[in-house]
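Enquirer: Okay, here's what each chain looks like letter by letter:
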Amino acid sequence: MEEAKAYIETGILELYVLGQLDAREQQEVEEMATKYAAVKAEISAIEVAMEQYAIKHAIEPTSGLDKQIFEKISISANEVNTDKGSAPVNHSSINHHSLNHSSSINNHAAINSGSAINHGAKIVPLNADHAASTIKTLRYALVACVGLLVVSVVALYSTHDKLTTANQQILALNVDKEKFASTVSFMKDENKDLQEIATIAADPTWKAVKLAGTKISPQANMMVYWHKQGQHVMVDNTKMALPQNDAAHQYQLWAIVDGKPVDLGVFDATAEPKKLLVAMKEVGNAQAFAVTLEKRGGSISPTMEKMVAMGGVSI
Amino acid sequence: MAPNKKISLTEEDLVRALKDREKIAIQALYDMYSGALLGVIFRIVQHSEIAEDLLQDTFIKIWNSADNYDSSKGRLFTWMINIARNLSIDKLRSKDFRNANKNQDIENNVDFIDQQRKITFNADTMGLKDMVTALKPEFNSVLDMVYFKGYTHVEAAEELNLPLGTVKTRIRMAIMELRKHFN
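Sequences listed follow chains U and H, in order.
For the first sequence, the positions run 1 to 315 when full-length UniProt numbering is used.
For the second sequence, the positions run 1 to 183 when full-length UniProt numbering is used.
Worth flagging that the hints you see were computed from the coordinates, not collected in a lab.
Worth double-checking, as some hints may not be accurate.
No more than 30 Å apart at the CA atoms, straight line, and that leaves these computed lysine-lysine pairs for DSBU-like [unchecked claim]: (1) LYS67(U) - LYS180(H); (2) LYS274(U) - LYS306(U); (3) LYS61(H) - LYS40(U); (4) LYS239(U) - LYS274(U); (5) LYS23(H) - LYS67(U); (6) LYS228(U) - LYS177(U); (7) LYS6(H) - LYS35(U); (8) LYS5(U) - LYS73(H); (9) LYS23(H) - LYS61(H); (10) LYS210(U) - LYS72(U); (11) LYS207(U) - LYS239(U); (12) LYS73(H) - LYS40(U); (13) LYS228(U) - LYS275(U); (14) LYS210(U) - LYS162(U); (15) LYS19(H) - LYS306(U); (16) LYS73(H) - LYS149(H); (17) LYS274(U) - LYS192(U); (18) LYS67(U) - LYS61(H); (19) LYS5(U) - LYS180(H); (20) LYS72(U) - LYS61(H); (21) LYS149(H) - LYS67(U); (22) LYS168(H) - LYS6(H); (23) LYS210(U) - LYS192(U); (24) LYS168(H) - LYS73(H); (25) LYS40(U) - LYS95(H); (26) LYS207(U) - LYS275(U); (27) LYS168(H) - LYS5(U); (28) LYS56(U) - LYS6(H); (29) LYS73(H) - LYS72(U); (30) LYS239(U) - LYS188(U); (31) LYS72(U) - LYS6(H); (32) LYS260(U) - LYS306(U); (33) LYS180(H) - LYS72(U).
Pair by pair, the computed Cβ-Cβ distance ranges are [to be verified]: (34) SER94(H) - ALA41(U): 34 to 40 Å; (35) ALA131(U) - LYS6(H): 42 to 48 Å; (36) THR10(U) - ILE24(H): 37 to 43 Å; (37) GLN26(U) - THR10(H): 39 to 45 Å; (38) ASP90(H) - LYS67(U): 21 to 27 Å; (39) ALA6(U) - SER94(H): 39 to 45 Å; (40) THR10(U) - ASP90(H): 26 to 32 Å.
We put the beta carbon where it would ideally sit given N, CA and C, even for glycine.
If we strip away everything but chain U, and leave its shape as in the complex, we get (with noise of 0.2 Å):
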């Protein structure tokens, strides 16, 4: 008696029945509870102690959790029962190997199908939705992000194109405005001349001299005036018919003073003038007006032959 209450006082027993050992000190305590009495009933007393416990701990299950198992169950012992049935043997202990047999594997087949319904039905959906749902919204994002890099792209090629034909527009704009300028310029220029003109025709100080065709080219003729006083002398391109002089030749422009001639400076015959009024050289003094075709520059003295037009000073 000794030595079980000794057992007892190491606290074995209460390991034993929390299951806390190992196979062969559970034998240890099973042939200590067969060989003394009082070991048994320490253990029943530790057992029953531990179990109002439990009691005292109860959680009350969702109801019809019960159904559920009792489903389950009725599944594999239907199985048991119609294995027994269709076994025609009568001799019980086949019958009974035939029923552990079946039983062991209903056991697996229980088992699994239970765990399979808790994972697949309760625990595993609710991560893979986890899971799911943030891959899902990460993919829709790629997507959303590769449109928007795609629209960007064709955005900005799209702006890159506008602005380079906005350039070429502007370009364009830049030679025409200079185009306009110079067009403007050049007007401003025509119209002071031509303001001119009709100063000199309505200033009775200025003289127009009107010069005739020679006989080499009888279809010329073109207008000086001169301004006595002041000395001046210009060519009025508006009423010039004179035929084009090429690159090597130009015009010349003589005063008949006192039966000689001055140089009064060479001028271009065009189809477009650059000035609608030339100013020549000065004179004081003339009777008479010629032009005569002479080599780019002028000469010294007129080449006779070549005069194409003349006209005297009416006074």
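Following the hints, position chain H against chain U.
Expert: Only chain H this time, still in chain U's reference frame:
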């Protein structure tokens, strides 16, 4: 079976019915012990849905392994609760359970906390709390770690930084107190 008419059998009848694969045995076991088993399972896994799944697994295993129960080695309930505890600890240590816990978002945690509160303020448990406080807390905490939290007594010793002998003594003292209380 009417829901309020619970079946209760003597232990001897229960064991015989279970071994003979009579369905009434499992119904009686459920009526008598499902709450106690769920209490232990829930305290180990701390998740009510998983706990109820494990309770199902426990009953199926009880049904299928009835042949392995040897009444000479201990009470039926001790055998059942060890099945429940082993399934729960296996679940607790399984990879998918740890992942499930890791991935719990805030909403689930709120539910989880609510579930815990529900149990903390359970009227039945309130009375027990008083009883438990009457016990010396250091003895009781070791017993609860082993019985309700899935620790082995060796792990409990490591966790509490106590010698194994002290842990064994405290478990014994706590159970002695319980025996005094229940007898």
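Enquirer: Indicate, hint by hint, whether the structure satisfies it.
Expert: Checked hints:
1. Annotation: proposed proximity of LYS67(U) to LYS180(H) is violated, straight-line Cα distance about 37 Å (limit 30 Å).
2. Between LYS274(U) and LYS306(U), the direct Cα distance comes to roughly 25 Å. Compliance with the 30 Å bound is thereby established for this hinted pair.
3. Among the hinted pairs, LYS61(H) with LYS40(U) is consistent with the structure: their alpha-carbon atoms are about 26 Å apart, no more than 30 Å.
4. For a cut-off of 30 Å, the pair hint linking LYS239(U) to LYS274(U) stands: about 14 Å separates their Cα positions.
5. Under the criterion of a C-alpha separation no larger than 30 Å, the hint pairing LYS23(H) with LYS67(U) is consistent with the structure, at around 12 Å.
6. Distance hint between LYS228(U) and LYS177(U) is unfulfilled; the C-alpha atoms sit about 43 Å from each other, more than 30 Å.
7. Proposed proximity of LYS6(H) and LYS35(U) is contradicted: the alpha carbons are some 38 Å apart, above 30 Å.
8. For the given pair, LYS5(U) sits about 19 Å from LYS73(H) by alpha-carbon distance, which is consistent with the 30 Å threshold.
9. For the hint pairing LYS23(H) with LYS61(H), the CA-to-CA distance comes to about 14 Å; that is within 30 Å, so the pair holds.
10. Taking the CA atoms of LYS210(U) and LYS72(U), the gap is near 135 Å; set against the 30 Å cutoff, the hint is violated.
11. A C-alpha spacing of about 15 Å is found between LYS207(U) and LYS239(U), which places the hinted pair at or below 30 Å, so the restraint holds.
12. Among the hinted pairs, LYS73(H) with LYS40(U) is consistent with the structure: their alpha-carbon atoms are about 9 Å apart, no more than 30 Å.
13. Between LYS228(U) and LYS275(U) the alpha-carbon distance is near 23 Å, which keeps this suggested pair within the 30 Å criterion.
14. For the hint pairing LYS210(U) with LYS162(U), the CA-to-CA distance comes to about 61 Å; that exceeds 30 Å, so the pair is violated.
15. At roughly 152 Å between alpha-carbon atoms, LYS19(H) and LYS306(U) are farther apart than 30 Å, so this suggested pair is violated.
16. Proximity of LYS73(H) to LYS149(H) is assessed by CA-CA distance (about 25 Å); at most 30 Å being required, the pair is judged to hold.
17. Between LYS274(U) and LYS192(U) the CA atoms are separated by roughly 13 Å; this keeps the pair inside 30 Å, and the hint holds.
18. Restraint check for LYS67(U) and LYS61(H): satisfied, since their Cα atoms lie roughly 16 Å apart, inside the 30 Å limit.
19. Distance check on the hinted pair: LYS5(U) and LYS180(H) sit about 19 Å apart at the alpha-carbon level, within 30 Å; holds.
20. For the hint pairing LYS72(U) with LYS61(H), the CA-to-CA distance comes to about 11 Å; that is within 30 Å, so the pair holds.
21. The suggested pairing of LYS149(H) with LYS67(U) holds, with an alpha-carbon distance near 28 Å, which does not exceed 30 Å.
22. Under the criterion of a C-alpha separation no larger than 30 Å, the hint pairing LYS168(H) with LYS6(H) is inconsistent with the structure, at around 38 Å.
23. Restraint check for LYS210(U) and LYS192(U): the C-alpha separation of about 22 Å stays at or below 30 Å, so the hint holds.
24. Taking the CA atoms of LYS168(H) and LYS73(H), the gap is near 21 Å; set against the 30 Å cutoff, the hint holds.
25. A C-alpha spacing of about 39 Å is found between LYS40(U) and LYS95(H), which places the hinted pair above 30 Å, so the restraint is violated.
26. Annotation: proposed proximity of LYS207(U) to LYS275(U) holds, straight-line Cα distance about 20 Å (limit 30 Å).
27. A distance of roughly 16 Å separates the Cα atoms of LYS168(H) and LYS5(U); the hinted pair therefore holds under the 30 Å criterion.
28. Proximity of LYS56(U) to LYS6(H) is assessed by CA-CA distance (about 18 Å); at most 30 Å being required, the pair is judged to hold.
29. With a CA separation close to 29 Å, the supplied pair LYS73(H) and LYS72(U) stays within the 30 Å bound.
30. For the proposed pair LYS239(U) and LYS188(U), the alpha carbon gap of about 20 Å is at most 30 Å, so the pair holds.
31. Between LYS72(U) and LYS6(H) the CA atoms are separated by roughly 20 Å; this keeps the pair inside 30 Å, and the hint holds.
32. Taking the CA atoms of LYS260(U) and LYS306(U), the gap is about 17 Å. The hint holds against a cut of 30 Å.
33. For the hint pairing LYS180(H) with LYS72(U), the CA-to-CA distance comes to about 40 Å; that exceeds 30 Å, so the pair is violated.
34. A beta carbon spacing of about 39 Å between SER94(H) and ALA41(U) agrees with the range 34 to 40 Å that was offered as a hint.
35. Look at ALA131(U) against LYS6(H): about 43 Å separates their beta carbons, and that is inside 42 to 48 Å.
36. Between THR10(U) and ILE24(H) the C-beta distance comes to about 41 Å, which sits within the given range of 37 to 43 Å.
37. Between GLN26(U) and THR10(H) the beta carbons are some 26 Å apart, a value that contradicts the proposed interval 39 to 45 Å.
38. For the pair ASP90(H) and LYS67(U), the supplied restraint of 21 to 27 Å holds, since their beta-carbon distance comes to about 25 Å.
39. For the pair ALA6(U) and SER94(H), the supplied restraint of 39 to 45 Å holds, since their beta-carbon distance comes to about 41 Å.
40. Between THR10(U) and ASP90(H) the C-beta distance comes to about 29 Å, which sits within the given range of 26 to 32 Å.
Violated hints, listed in ascending order, are 1, 6, 7, 10, 14, 15, 22, 25, 33 and 37; each of the other numbered hints is respected by the structure.
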